[in-house]
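Chains A and B, in that order, are what the protein sequence lines are. Okay, so the first sequence: first residue is 1 according to this note's numbering, each after it adds one. Okay, so the second sequence: first residue is 1 according to this note's numbering, each after it adds one.
The hints are simulated quantities; they were obtained by calculation from the structure and are not laboratory data. This structure is a prediction, so every number in the text was calculated from the model and none was measured. From the three backbone atoms N, C-alpha and C, an ideal C-beta is built for every residue, glycine too. There may be inaccurate statements among the hints.
Unchecked claim - Here are the in silico distance ranges between beta carbons for each label pair:
no. : chain 1 : residue 1 : chain 2 : residue 2 : range
1   : A       : Thr-55    : B       : Arg-21    : 21 to 31 Å
2   : B       : Leu-55    : A       : Thr-107   : 10 to 20 Å
3   : B       : Pro-79    : A       : Leu-152   : 44 to 54 Å
4   : B       : Phe-163   : A       : Thr-55    : 36 to 46 Å
5   : B       : Phe-163   : A       : Gln-151   : 27 to 37 Å
6   : A       : Gly-58    : B       : Val-59    : 38 to 48 Å
7   : A       : Ile-129   : B       : Val-387   : 50 to 60 Å
8   : B       : Val-59    : A       : Leu-92    : 54 to 64 Å
9   : A       : Trp-201   : B       : Gly-320   : 51 to 61 Å
10  : B       : Gly-147   : A       : Glu-29    : 48 to 58 Å
11  : A       : Gly-191   : B       : Lys-31    : 51 to 61 Å
12  : A       : Trp-201   : B       : Ser-138   : 33 to 43 Å
13  : A       : Thr-107   : B       : Gly-147   : 40 to 50 Å
14  : A       : Phe-81    : B       : Leu-239   : 25 to 35 Å
What the hints assert, rightly or not - Far from chain B, by Cβ distances over 12 Å, these chain A residues were calculated:
no. : residue
15  : Trp-40
16  : Ala-44
17  : Gln-151
18  : Arg-163
19  : Phe-173
20  : Ile-185
21  : Ala-194
Unchecked claim - Below, a sample of chain A positions facing chain B; criterion: calculated Cβ distance under 7 Å:
no. : residue
22  : Leu-37
23  : Gly-52
24  : Asn-200
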Amino acid sequence: MDTATMGHTDAAAGSALIPLLSHQFDDVEQQSYSSILGMWIFLATEVMFFGGLLTSFGIYRYLHPHEFALASHNLYMWWGFVNTIVLLTSSLTMALAVRASQLGRRTELVRLLLATMVLGTCFLGVKAIEYTTDYHEHLIPGLNFEVPEHQLGEVVERGLDPRMMQMFFVLYFFMTMLHAIHLIIGIGMLGVMAYLAHINWFSGGGAVQIEVGGLYWHFIDIVWVFLFPLLYLISGK
Amino acid sequence: MSTTVLDQTAAAGHKPPKPHRETYLDAWTVKSWLLTTDHKRIGILYLISITVFFLIGGVAATTMRLELMTPKGDLLSSPDAYNRMFTLHGVAMIFFFLVPSIPATLGNFLLPLMIGARDLAFPIINLMSWYMYMIGGSIAIAIILFGGIDTGWTFYTPFSTMFSNTLVVPAAFAVFFAGFSSIFTGFNFIVTVHTMRAPGMTWFRLPLFIWAHYATSLIMILGTPVLAIAVMLIAVERLLRVGIFDPALGGDPILFQHLFWFYSHPAVYIMVLPGMGVISEIVPCFSRRPIFGYRFIAYSSIALAILGFIVWGHHLFVSGQSMYAGLVFSFLSFLVAVPSAIKVFNWTATMHKGAIRFDTPMLYAIGFIGLFTVGGLTGIMLSTLAVDVHLHDTYFVVAHFHYVMVGGAVLAYLGGLHFWWPKITGRMYPEMFGKLSALAVFIGFNFTFFPQFILGYLGMPRRYFEYAPEFQVLNVMSTAGASVLAFGYGLPLIYFLWSLRKPPSAPANPWQATGLEWQTESPPPTHNFEFTPKVEKAPYSYSPVAVEGFDGYGDHGSH
Numbered sequence: 001m002d003t004a005t006m007g008h009t010d011a012a013a014g015s016a017l018i019p020l021l022s023h024q025f026d027d028v029e030q031q032s033y034s035s036i037l038g039m040w041i042f043l044a045t046e047v048m049f050f051g052g053l054l055t056s057f058g059i060y061r062y063l064h065p066h067e068f069a070l071a072s073h074n075l076y077m078w079w080g081f082v083n084t085i086v087l088l089t090s091s092l093t094m095a096l097a098v099r100a101s102q103l104g105r106r107t108e109l110v111r112l113l114l115a116t117m118v119l120g121t122c123f124l125g126v127k128a129i130e131y132t133t134d135y136h137e138h139l140i141p142g143l144n145f146e147v148p149e150h151q152l153g154e155v156v157e158r159g160l161d162p163r164m165m166q167m168f169f170v171l172y173f174f175m176t177m178l179h180a181i182h183l184i185i186g187i188g189m190l191g192v193m194a195y196l197a198h199i200n201w202f203s204g205g206g207a208v209q210i211e212v213g214g215l216y217w218h219f220i221d222i223v224w225v226f227l228f229p230l231l232y233l234i235s236g237k
Numbered sequence: 001m002s003t004t005v006l007d008q009t010a011a012a013g014h015k016p017p018k019p020h021r022e023t024y025l026d027a028w029t030v031k032s033w034l035l036t037t038d039h040k041r042i043g044i045l046y047l048i049s050i051t052v053f054f055l056i057g058g059v060a061a062t063t064m065r066l067e068l069m070t071p072k073g074d075l076l077s078s079p080d081a082y083n084r085m086f087t088l089h090g091v092a093m094i095f096f097f098l099v100p101s102i103p104a105t106l107g108n109f110l111l112p113l114m115i116g117a118r119d120l121a122f123p124i125i126n127l128m129s130w131y132m133y134m135i136g137g138s139i140a141i142a143i144i145l146f147g148g149i150d151t152g153w154t155f156y157t158p159f160s161t162m163f164s165n166t167l168v169v170p171a172a173f174a175v176f177f178a179g180f181s182s183i184f185t186g187f188n189f190i191v192t193v194h195t196m197r198a199p200g201m202t203w204f205r206l207p208l209f210i211w212a213h214y215a216t217s218l219i220m221i222l223g224t225p226v227l228a229i230a231v232m233l234i235a236v237e238r239l240l241r242v243g244i245f246d247p248a249l250g251g252d253p254i255l256f257q258h259l260f261w262f263y264s265h266p267a268v269y270i271m272v273l274p275g276m277g278v279i280s281e282i283v284p285c286f287s288r289r290p291i292f293g294y295r296f297i298a299y300s301s302i303a304l305a306i307l308g309f310i311v312w313g314h315h316l317f318v319s320g321q322s323m324y325a326g327l328v329f330s331f332l333s334f335l336v337a338v339p340s341a342i343k344v345f346n347w348t349a350t351m352h353k354g355a356i357r358f359d360t361p362m363l364y365a366i367g368f369i370g371l372f373t374v375g376g377l378t379g380i381m382l383s384t385l386a387v388d389v390h391l392h393d394t395y396f397v398v399a400h401f402h403y404v405m406v407g408g409a410v411l412a413y414l415g416g417l418h419f420w421w422p423k424i425t426g427r428m429y430p431e432m433f434g435k436l437s438a439l440a441v442f443i444g445f446n447f448t449f450f451p452q453f454i455l456g457y458l459g460m461p462r463r464y465f466e467y468a469p470e471f472q473v474l475n476v477m478s479t480a481g482a483s484v485l486a487f488g489y490g491l492p493l494i495y496f497l498w499s500l501r502k503p504p505s506a507p508a509n510p511w512q513a514t515g516l517e518w519q520t521e522s523p524p525p526t527h528n529f530e531f532t533p534k535v536e537k538a539p540y541s542y543s544p545v546a547v548e549g550f551d552g553y554g555d556h557g558s559h
């Protein structure tokens, strides 16, 4: 039987007036609250997902500080820094997009979403440059990892374990790739939202949907805010 | 369409057979099942799928028990085959049966009904959860067909990453997908309980089944992602031959055990907390008394979820973990006894001076209380550091967790299935066979697993293909018990299916229970309720007076 004609009279009336109210909800407020709470719960899962990796990283970093510092010096800190600026700026445009959706400024919303997507893509581009460089410098575990020549002397002299330098790169690639996958999903999500905003699909201006998307986007940025210092800014000998 | 105002009196079950009424079971096309977003239908999809895995895990268990009839290896061709068999048993039973068992079937079906909602908050994600489960399950079945794995369900490194030449990487993906199916379920439950309760359904009017599922969901969303990462790291280590966990390559195998048990200990509570929720529904109904200590039971579910996260180290007492960490984990593990005991005492206090009826669900529930208590008390023995050194990796551990997982979770699952079968399908099951199955399961279970406590105490290690001849008598007892247990499991499978042959005739509320789910028809209409229910009373407002006319069969038994 058709969902709209069944069951609760109040719901049937509600869904006739507001086409985007899903049948299981009584009103728009309940639906909005559920969406936003749902995203927060999902982010809690994500925190634990990255948490397991960050814990592993922390333990190995603590056990092998010299190897990790030496390995980290092979990363290009300035590329990481540029990417941090790029992502933080994307968070700004995302926050402005949420505001635009709340104020009902549709053109501005679409532009800000596109700007956020462009910045996210820039981040991925920089990451691709870094990965390519890593490949040419033989830093990819399981594929071609070798301790760089200019560090060999130091490794031998101080009795460091080259396997732990490889461990740094295992975790580096695992974490940054997992982050990049999240970013790709986020860019796709923003693309859909920008299109839906463009064709004026959102009945209520899309404020809730954009806010939910924004929460996810900010989470991706925050993960990077943790990854950048952990991976790139290891000092000491 | 004939609609009825659904209140308690109309639901008492003395109406003539009704003309056809719209129910959630009406559509029977393949598409209507595979693309359904109805929480009730998804519950049924899960019910069928987990039964398949229960049978697969059961066949593996039967093979192991038959092998262990004699001290020499004679049934299976090699110790490797035995390793594959117990791994299959563990993986199928834990990841594909016990973890989704009550939450994904009864929980999915009942959670919206119990809080007076039309569906879960995210019906499409709920369907995706089942598909995730099916992807993981299909990989698992493919693994069985292509040779199986021999690492044990725990995937301990470095064996799983460097030495095992079986299908560990596909198994990691199977567990990964199954994990995300439970994350989706837990995520949906939490949001639904927060936002979709009917008017008047305050937090402390929620059935304890809901509290238990809320606590379970917290563990699902916070623990499962760590398991997902741990198995992905295993896959990376195997594929790239880099030493994340392998000490020969500079890794740390204990780190894997920490990551693994950070999920897998709380997972014990994923498996048993929903069962406690089921028992909290059955006991007051069949004792005709309000539940004793409602708030204590509710809070103890949350306490178990929290404590469950800080005791994982008791699996590592003899793994080389720091002795001081061992002390702390031992102490914290003792604390788990407190909320567990609160529940057991409150259930027994509920039964005290109640007008108890021993119908099948109640028989299962009483079995649960006794067996869970044995499982819990032996858990305290195992969390004692010095005792664990003696008992670690013996059959004592096997017996202990089967008392919790089978004596606890499976008995609760079967009890709940009998209790809500009329609601789910609109059919009653044959009561006499039901009682027989409850009895067979209880007796068979104890015969199977009590001898294993003694075997373990005497020093028989687990996971061995052969054993010293002096252990044979107890092993034969265990195998004999397992055949009674299998009979007890087989009965419901047959009579539940048999009950489906007739059209629905069960009354809306055969047990005169108080929950909202009993105020709608059996089976419920697609949208659960004709009118949004308003809740004005505390749950479990049973009184001994209501026992008059209490008869699940009534005028329907004559069919």
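Hints and how they fare:
In this structure the hint that A:Thr-55 and B:Arg-21 lie 21 to 31 Å apart at CB is violated, the actual value being about 55 Å. For B:Leu-55 and A:Thr-107, the hinted distance range of 10 to 20 Å is not satisfied, since their beta carbons lie about 59 Å from each other. The beta-carbon spacing between B:Pro-79 and A:Leu-152, approximately 45 Å, falls within the hinted interval of 44 to 54 Å. For the pair B:Phe-163 and A:Thr-55, the beta carbons lie near 25 Å from each other, so the given range of 36 to 46 Å is not met.
Taken as a hint, the range 27 to 37 Å holds for the pair B:Phe-163 and A:Gln-151, whose Cβ atoms sit roughly 32 Å apart. Checked against the given bound of 38 to 48 Å, the beta carbons of A:Gly-58 and B:Val-59, roughly 43 Å apart, stay inside it. A:Ile-129 and B:Val-387 have their C-beta atoms about 58 Å apart, which keeps the hinted 50 to 60 Å range intact. The hinted range of 54 to 64 Å is satisfied by B:Val-59 and A:Leu-92, whose Cβ atoms lie roughly 59 Å apart.
Distance hint for A:Trp-201 and B:Gly-320: a CB-CB separation of about 58 Å, consistent with the stated range 51 to 61 Å. A hinted range of 48 to 58 Å for the beta carbons of B:Gly-147 and A:Glu-29 is consistent with their spacing of about 54 Å. As the Cβ distance of A:Gly-191 to B:Lys-31 is approximately 30 Å, the hint placing it in 51 to 61 Å is violated. Checked against the given bound of 33 to 43 Å, the beta carbons of A:Trp-201 and B:Ser-138, roughly 35 Å apart, stay inside it.
Between A:Thr-107 and B:Gly-147, the C-beta spacing of about 59 Å breaks the proposed range 40 to 50 Å. Checked against the given bound of 25 to 35 Å, the beta carbons of A:Phe-81 and B:Leu-239, roughly 32 Å apart, stay inside it. For A:Trp-40, the condition that its CB be more than 12 Å from all CB atoms of chain B is violated, with the nearest at approximately 9 Å. Consistency note on A:Ala-44: stated as away from chain B, yet its beta-carbon is not over 12 Å from all of that chain's, at 6 Å minimum.
Under the 12 Å C-beta cut-off, the non-interface status given to A:Gln-151 relative to chain B holds; the minimum distance is some 17 Å. A:Arg-163, annotated as away from the interface, has a beta carbon of chain B within 12 Å; the closest lies near 4 Å. For A:Phe-173, the shortest C-beta to C-beta distance to chain B comes to about 9 Å, within the 12 Å cut-off, and the non-interface label is violated. Every CB of chain B is more than 12 Å from the CB of A:Ile-185 (nearest about 14 Å), matching its label as outside the interface.
Its beta-carbon lying about 22 Å from the closest one in chain B, A:Ala-194 satisfies the requirement of being farther than 12 Å from that chain. For A:Leu-37, the shortest C-beta to C-beta distance to chain B is roughly 5 Å, which falls under 7 Å, so the interface hint holds. For the restraint placing A:Gly-52 at the interface with chain B, the shortest Cβ-Cβ distance is roughly 4 Å, inside the 7 Å limit, so the hint holds. The restraint placing A:Asn-200 at the interface with chain B is violated, with a minimum CB-CB distance near 23 Å, outside the 7 Å limit.
In summary, the numbered hints that this structure violates are 1, 2, 4, 11, 13, 15, 16, 18, 19, 24.
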